[in-house]
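> Sequence:
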Amino acid sequence: MDRKTTKKTVHIILMILIFLIILSGLGITYYRSIELITSGLMDKTLSFQMHSLLFLPFLLILLIHIFLPWLWPKKGQK
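For what it's worth, my numbering labels the leading residue of the sequence shown as 1, then goes sequentially.
Rather than coming from a laboratory, the hints here were simulated on the basis of the structure. Where a beta carbon is used, it is the ideal one built from N, C-alpha and C, also for glycine. Any given hint might turn out to be false.
As a list, the in silico DSS-like pairs of lysine-lysine whose alpha-carbon atoms are at most 30 Å apart [stated by the list, open to error]:
#1 Lys4 - Lys74
#2 Lys8 - Lys74
#3 Lys8 - Lys75
#4 Lys74 - Lys7
#5 Lys75 - Lys7
Here are the simulated distance ranges between beta carbons [as the list claims (entries may be wrong)]:
#6 Met1 - Thr45: 35 to 41 Å
#7 Lys74 - Ile12: 16 to 22 Å
#8 Ile13 - Gly40: 23 to 29 Å
#9 Gln49 - Thr6: 28 to 34 Å
#10 Ile16 - Thr45: 19 to 25 Å
#11 Tyr30 - Val10: 26 to 32 Å
#12 Tyr30 - Phe55: 41 to 47 Å
#13 Lys75 - Ile21: 33 to 39 Å
Please put together the full structure from these sequences, using the hints given.
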């Protein structure tokens, strides 16, 4: 996989994780509204479990996103 594809994949995964963390966080605090919006699929318990389980993948992808230029520099740079 080349650098551009890897960078784009990391960005897309990070955006999805950010969206899910925000949604699950809102599901914890405003659980009645989120239950209404999701037609009862996401209750307070599920939101809390999702929020807890997504922390480590989010942290890993965020660190990859931050250190990607350092780990995989462009060919012209040293």
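> Each hint needs a verdict: does it hold in this structure or not?
Verification of the hints:
no. : hint                      : in the structure
1   : Lys4 - Lys74              : holds, 10 Å
2   : Lys8 - Lys74              : holds, 15 Å
3   : Lys8 - Lys75              : holds, 18 Å
4   : Lys74 - Lys7              : holds, 12 Å
5   : Lys75 - Lys7              : holds, 15 Å
6   : Met1 - Thr45: 35 to 41 Å  : holds, 38 Å
7   : Lys74 - Ile12: 16 to 22 Å : holds, 21 Å
8   : Ile13 - Gly40: 23 to 29 Å : holds, 28 Å
9   : Gln49 - Thr6: 28 to 34 Å  : holds, 30 Å
10  : Ile16 - Thr45: 19 to 25 Å : holds, 22 Å
11  : Tyr30 - Val10: 26 to 32 Å : holds, 30 Å
12  : Tyr30 - Phe55: 41 to 47 Å : violated, 20 Å
13  : Lys75 - Ile21: 33 to 39 Å : holds, 35 Å
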